[in-house]
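Chemist: Residue-level listing of the chains:
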Amino acid sequence: QQQVKQSPQSLIVQKGGISIINCAYENTAFDYFPWYQQFPGKGPALLIAIRPDVSEKKEGRFTISFNKSAKQFSLHIMDSQPGDSATYFCAAFDYKLSFGAGTTVTVRA
Amino acid sequence: SAVISQKPSRDICQRGTSLTIQCQVDSQVTMMFWYRQQPGQSLTLIATANQGSEATYESGFVIDKFPISRPNLTFSTLTVSNMSPEDSSIYLCSVAGSGRAADEQFFGPGTRLTVL
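Chains as they are written, first to last, in this note's numbering: chain F, 6 to 114; chain U, 2 to 117.
Note that these hints are calculated values from the structure, not bench results.
One thing to keep in mind: the hints can contain errors.
Beyond 10 Å from chain F on every Cβ pair, some chain U residues (computed) [claimed, not checked]: (1) I5; (2) S54; (3) E59; (4) G61; (5) K66; (6) F67; (7) P72; (8) N73; (9) A103; (10) Q106.
Examples of chain U residues lying across from chain F (beta carbon under 8 Å, computed) [unchecked claim]: (11) S43; (12) L93; (13) F107; (14) G109; (15) P110.
Calculated lysine to any residue pairs in the SDA-like style (CA-CA distance at most 25 Å, straight line) [to be verified]: (16) K66/U to Q6/F; (17) K47/F to F107/U; (18) K8/U to S19/U; (19) K73/F to S90/F; (20) K66/U to D88/U; (21) K47/F to T78/U; (22) K10/F to T111/F; (23) K10/F to F107/U; (24) K47/F to E55/U; (25) K47/F to M32/U; (26) K101/F to V4/U.
The structure displayed is predicted, hence computed values, not measured ones.
Glycine residues also receive a C-beta, built at the ideal position from the N, C-alpha and C atoms.
Hey, can you work out the whole structure from these sequences and the hints?
Modeler: Next up, the structure:
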């Protein structure tokens, strides 16, 4: 079964809006939480990642929020742009990467 | 990060045949991995390609179906054997950042396989 549960399956946001994707896990052995961005026909690209000793990490318009006690983490895309339209995967690492099901983000101009 | 290439980028194959996918990295890396991404689905780890020894397979994947070679620190191949339409997927190799643990992984562009 999926070790990392990701929601929503898809979302549509207006240009300039905020996209929020959530992930939850149960395995407390996970110690690294990356997010990948995948465009159609391309391999996933590492976007941003966090380790459980911090609660938030920001890189440009992308922010990860991490709640260790709730075993949840989320990706926030601020000021969403049409070029952000892609599928986003959360993942978690213990001895291997386990991926969420993916969220297709569509940014409307 | 390392530059990763895969060959072929896509192929259409007949059932019962085999296809070998190549993964080339522009720098030496310790860890290389092979993943499968079924249409519209997430990524699933097939195996870790170990240099100089047999690959380590995940549950549900076997060496007879997915033989892997790793002759050096920059190259690996994955063979999909005796293919069926259920093998139609994107096959991706990834590498772990040099000098780091296996957590920070970078992916190649993928090989899109269709089996008829």
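Chemist: It remains to establish, for every hint, whether it holds in the given structure.
Modeler: The hints, checked one at a time:
no. : hint            : result
1   : I5              : 8 Å, violated
2   : S54             : 17 Å, holds
3   : E59             : 7 Å, violated
4   : G61             : 13 Å, holds
5   : K66             : 19 Å, holds
6   : F67             : 16 Å, holds
7   : P72             : 22 Å, holds
8   : N73             : 22 Å, holds
9   : A103            : 7 Å, violated
10  : Q106            : 6 Å, violated
11  : S43             : 5 Å, holds
12  : L93             : 6 Å, holds
13  : F107            : 6 Å, holds
14  : G109            : 5 Å, holds
15  : P110            : 5 Å, holds
16  : K66/U to Q6/F   : 22 Å, holds
17  : K47/F to F107/U : 12 Å, holds
18  : K8/U to S19/U   : 14 Å, holds
19  : K73/F to S90/F  : 29 Å, violated
20  : K66/U to D88/U  : 10 Å, holds
21  : K47/F to T78/U  : 19 Å, holds
22  : K10/F to T111/F : 20 Å, holds
23  : K10/F to F107/U : 22 Å, holds
24  : K47/F to E55/U  : 29 Å, violated
25  : K47/F to M32/U  : 21 Å, holds
26  : K101/F to V4/U  : 21 Å, holds
Going down the numbered hints, you'll see the structure goes against 1, 3, 9, 10, 19 and 24, while the others check out.
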